[in-house]
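K.L.:
Required output: the full structure, derived from the provided sequences and hints.
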Amino acid sequence: MKKDQKRFKKLQNINQCKSFNELIEQIDFSSGNSDDLTTIVLDYLDKQTVLLYYESLVDTNKQSNLLEWISEMFWKTDEFPDTIDVKIQPSDLSFTEAIEFLLDGETLLISDDSGIWNITSIKSLKVFQRSIQEPKNEQIVRGSHTGFNENLIVNLNLVRSRLKSPHLIIKYFSIGSHSHRKTALIYLNDLADPMLVEEFTMRLNAVDVDLAFSVGYIEEFIEDSNYSPFPQFLNTEKPERTAANLMEGRIAFMMDGSPTCLIAPVNFFTFYQSPDDYNGRFLVGTFYRLLRIASFLIALLLPAIYIATISFHFEIIPEDLTLPAKRAVQDIPYPPLFEALILELTIELIREAGIRLPNPIGQTIGIVGGLVIGDAVVNAGFISNLMVIVVALTAISSFVVPSVEMNTAVRILRFPFMILASLFGFTGVAAGIIILIVHLIKLESLTTPYLSPIAPFHVSGIKDTFIRLPGSKLDTRSADAHPLNRKRFGRNRWWKHAKK
Amino acid sequence: MKRCVFLLGCIFLLTGCWDQNLLKDVQLIYTVGYDVLEDGSEQTTTVAPPVDETSEEVNIITTNNHTVRDSRYHVDTVVAEHVDFSKLQVVILGKDLAADDIYPYIDVIFRDPKHHLNARVAMTDTSAKELLNYPVESQKNKSEYYAGLLVSSEIIDVIPKMTLQNACTILFDPGIDLFMPMLIYREELKRVEAVGTSLFSKDKYTGVYMDQEQTTLFNVLRNKTDRIVRLTKRYTDDQKPEVSNWMTLEFKNTKSNLKLKQNPFSLSVEIKMNGAVAEYGPDHLVGTKKLESIEAWWEKTIKEDTEALFVLLQENKSDVLGLGRMTAALMPEEWEEKEWHQKFSELPVQVEVDVSLSSTGIID
Amino acid sequence: MQKNKITGWQLCFLTLQTQLGISALSMPTDIAAEAGQDAWISMILGGLTVQGIIIIYIWLIMRCKTVSYFDFLSMVYGKFLGKMLLLFTILYLIFMLLMVISSFQQLITDWINIFTPTWMILLLLLIPSLYLAIDNITLIARFSMLISFFIPVLLIVILFVYAAPQFLYLLPVGSEGYKAIIKGVVPAVAALSGFEMILFFSHYIKENKRSELKKGLIGSGIVTFIYIYLIISVQVFFYIDELKIVPYPVLYIMKALSLMIIDRVDILFLTFWIIISTAVCINYLFVTGTGVQSLLNLKTHKYAVVAITFIVFVISIFIESKVEINMIQNQLFSMLLVFAVLIPTLTLMVSFLRKKVGDS
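Chains as they are written, first to last, in the UniProt record's numbering: chain F, 1 to 500; chain V, 1 to 364; chain B, 1 to 360.
Bear in mind the hints are in silico, worked out from the structure with no lab data behind them. It is possible that some hints are incorrect.
Stated by the list, open to error - Calculated cross-link-like contacts (lysine-lysine; reagent style DSS-like; alpha-carbon spacing at most 27 Å):
(1) V/Lys204 <-> B/Lys83
(2) F/Lys326 <-> V/Lys140
(3) B/Lys322 <-> V/Lys114
(4) V/Lys272 <-> V/Lys255
(5) F/Lys473 <-> F/Lys496
(6) B/Lys244 <-> V/Lys202
Unchecked claim - So these bits of chain F aren't anywhere near chain V, every CB distance computed over 10 Å:
(7) Leu42
(8) Glu100
(9) Asp112
(10) Arg162
(11) Asp276
(12) Tyr278
(13) Phe312
(14) Thr322
(15) Leu323
(16) Phe424
Stated by the list, open to error - Not close to chain V: a few residues of chain B, all C-beta gaps over 10 Å, as computed:
(17) Gly8
(18) Asp71
(19) Gly78
(20) Phe88
The beta carbon of each residue, even a glycine, is placed where N, CA and C say it ideally should be.
P.N.:
As structure tokens, this is what we get:
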């Protein structure tokens with residue numbers, strides 16, 4: 001390298017180059033002599049022209065068309081055909097910028113027009129993209145099955161086509177010192193709190209990473225609390241859900257190459273809402289809301305309560321159940337905590353093993369794990385059948401949460417509760433609950449309180465958290481995102497009263 | 001800060017589980033009997049349920065020691081597990097103990113934070129040890145038998161419900177006397193029968209108990225009837241076959257009203273009963289005037305029975321209806337704690353009974 | 001939302017939660033020991049007394065304007081005397097903390113964790129409290145408000161008493177004589193202790209002070225009603241002589257309760273009550289911390305709270321026997337009289353005499 005530096009002076013801008021050879025040398029040097037940077041020099045009369053592009057990025061079809069056209073027509077006219085997307089660049093383009101263009105998949109056409117460099121960029125990026133499918137981890141029964149894919153523009157298209165409003169604002173950012181990933185902040189400027197938009201923008205600008213490989217990775221750089229087990233951004237792959245959240249005054253964040261959309265500010269209860277709730281009858285929706293909240297409590301506390309009961313306060317078992325319970329645990333050699341840990345860890349192992357295997361094998365593992373191990377372990381007398389019931393119920397409950405991140409949070413959190421219960425019985429569980437409540441109260445999602453509709457308490461927030469009122473009653477937006485306009489819509493169903 | 005958290009975590013994990021009380025390590029006592037022996041020492045008989053599902057064998061242990069607590073510790077030394085009374089269902093008091101001062105025995109149970117206060121209390125006419133050691137031919141094992149027996153008898157109102165908590169409140173209250181179900185072993189049936197309600201004066205057993213019929217009436221007077229009150233009496237003498245002489249009434253609603261009156265200090269009792277004739281062989285009763293005469297006959301009979309019941313209570317100075325409590329609350333000027341039992345035994349009682357038979361059951 | 005600011009309703013729940021502590025479970029016994037079967041009348045009188053005191057507080061706070069009570073002391077009495085009074089007030093608050101913590105620990109030891117050592121239970125109570133008390137008042141108010149949702153559930157459980165109530169135990173009304181009833185007001189007011197929090201919390205209210213402060217009265221009123229309800233429930237369940245020997249009558253009621261799905265409701269009830277009562281520790285810790293912050297002119301109350309927690313922890317390890325706790329509890333009323341009634345009243349009067357303070 002040092003030799004190279006000695007040989008020529010590194011230049012800043014293209015117009016500092018004196019000759020074609022120098023220009024090509026400079027570009028080559030700036031790109032690090034990458035072999036896939038293709039340079040085609042065309043000589044025709046006095047019009048010397050160079051064509052630069054990364055062959056690994058460009059669309060070969062487009063490129064061959066372009067080359068064909070250039071070889072035939074370029075010398076005759078200055079006009080580009082309509083089929084080619086061209087942009088004239090200033091002649092004092094810097095080499096860094098030029099490389100950036102090239103890395104964006106564009107082709108640079110540089111011609112020497114009597115000492116002045118004419119620079120034209122031509123869009124020629126080849127994008128390989130997945131078709132639009134239903135996201136696997138967010139399947140719903142009714143409603144739109146569309147999901148995001150890895151292409152940001154397609155994703156933005158999906159969102160914008162659902163919210164055809166001039167107020168929908170999209171701001172681009174580039175993240176990653178090496179990856180230069182294009183990211184977008186999406187919000188409605190007549191709803192989203194400008195303070196929150198500013199905060200989000202500030203946090204995004206503060207991100208300093210080499211490679212931004214996914215949204216989930218960036219999430220850790222912009223979330224409020226790193227050490228909390230609870231997710232502070234809602235992840236979704238559904239444009240419908242994104243649009244609905246934008247209408248609440250929330251802000252969405254997407255990245256090229258990641259099908260996930262981050263939404264903030266959110267509260268705890270957002271994670272327990274599913275788009276399905278709104279597509280069914282409201283009573284059903286309410287029932288499942290309550291069921292999910294109950295599932296949170298079961299998944300978190302049931303093993304702890306069971307351990308506390310069996311090893312400290314079996315007095316609370318009702319009279320007729322005491323003897324069956326005693327018979328179940330009579331000959332178990334391990335203390336309840338170990339029983340629970342063995343079984344919980346087995347379930348986690350089965351889950352972890354099954355998740356990455358091809359589908360048929362994954363199912364087999366599930367069956368082997370669930371049925372065979374469960375049955376054998378009880379027969380062998382390692383673990384009581386009551387514990388199997390408790391752990392199985394807990395496992396099922398933890399998967400009820402319609403959000404993957406919350407599900408993992410709950411699964412992790414029950415272990416400290418189990419340990420506390422095995423040490424201090426119900427007192428320990430109580431202490432654990434206090435710490436959990438305090439933590440949730442302290443937690444913030446994009447500076448807004450995490451437990452929003454209940455702490456601080458908003459009566460209007462309740463109607464779409466624990467329960468779900470009929471759609472026409474949900475006429476105010478939830479307060480936690482500080483929407484500029486709380487009123488969602490006016491009076492509906494007036495005809496119901498007008499008919500009388 | 002982080003180091004602090006880490007240290008605290010270690011402390012939490014390294015500490016033992018002081019209060020651990022594993023369900024598998026305890027011997028649950030379902031039924032316990034207390035007796036007092038002649039030398040004044042206490043005898044405890046515990047009945048634990050079988051742990052193995054297939055066996056019917058219950059674990060009966062009798063020990064005697066100076067106090068209830070001592071005996072209990074002594075039981076601990078002869079069983080493999082730790083004796084636990086938190087799931088206690090029935091406490092049976094021997095006759096001798098009941099005739100003694102019973103509060104000191106109940107006190108131990110009452111103060112123990114682990115103890116079950118909902119356990120039922122009953123007494124027997126022999127010693128509790130004897131009763132618990134009789135062979136019982138029951139589908140349920142012996143440890144659960146007594147609780148089942150008491151509960152099912154409470155439902156048909158032949159005994160009152162008496163739990164440890166109730167007993168304790170009554171023992172503290174000078175305005176009411178203790179009562180509890182009486183259990184007697186029937187050798188011919190190889191079973192125990194709840195024959196009625198034993199009467200206490202203050203906290204000493206009087207040696208008398210109300211039979212089942214009187215207990216039903218007693219429950220009506222307390223307004224503590226469960227489901228249906230059933231009364232059967234010999235209505236006629238001349239019918240054939242003999243069974244036709246008997247009439248059974250079932251009352252769905254009974255209401256009694258005890259009122260204290262002044263000048264002179266007396267008690268008026270009003271009983272209202274609504275019901276139906278459940279069983280009477282000979283006649284169709286609907287629409288006939290007979291129904292009225294049946295009502296009148298029953299009113300008279302129940303009145304006589306009630307008066308007889310009050311005589312029994314007053315003779316034994318057993319104020320199980322809590323008239324003293326009423327007096328203290330409503331007529332404090334008549335209330336004198338020390339003289340109350342005397343006053344109670346001389347209290348004039350007027351009884352009025354109103355029976356109305358609305359229907360005659362399913363079949364006319 | 002602005003930090004370090006509360007609304008009137010939050011003040012209401014802060015007051016409510018500080019008053020409603022462990023004493024709710026044992027208070028019927030203490031009052032019945034003095035007032036016999038007229039304990040509930042003493043409670044009503046006690047509640048009214050407290051309402052009266054709170055009205056004096058509101059008067060005082062309106063003179064404080066934006067200054068906290070701690071700082072107002074030095075404004076009224078001058079720097080030296082004010083700081084001395086502040087120091088004593090802090091000592092009083094630490095005393096209250098000690099009492100709350102040790103009676104809390106005593107209850108848990110008596111009822112469920114009999115063999116667990118004192119220091120362990122203290123840690124279980126203090127660590128969660130500390131975790132919140134180092135944070136700002138808004139979060140503490142939110143906590144108080146959130147756990148208030150548990151209260152109705154617990155009150156409903158007690159409704160089971162009314163399956164077979166003995167209302168005769170309340171009669172005849174006033175049979176103990178007015179002297180006994182007045183004597184009963186002393187433990188009643190002591191059980192309601194925590195109302196003095198209005199004094200310390202109110203300067204966090206920034207808007208509509210006068211009308212918002214009145215919500216503090218509501219908080220204290222709700223506690224009085226809950227206590228009256230508890231006392232009456234206990235009295236129709238126990239005979240008065242029995243009540244006098246039962247240390248935690250409210251728990252005893254539930255101990256005798258047996259539901260189909262769960263036996264021994266008292267243990268679960270106590271678990272919830274531990275959660276509710278932690279608010280008392282948190283609120284006192286926070287207030288004491290801000291007191292120390294004001295005394296030493298610290299930037300934040302965070303380290304003060306940590307230090308106080310440590311002090312309280314060390315001292316309460318040595319408070320072991322029930323006798324000692326009772327001794328402390330007996331001092332409660334006189335302390336309350338001095339620090340929650342006399343000093344604020346005196347401050348109010350002096351501030352009137354020295355007109356420039358508060359008027360300016």
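K.L.:
Which hints from the list above does the structure break, by number from lowest to highest?
P.N.:
1, 13, 14, 15 and 16
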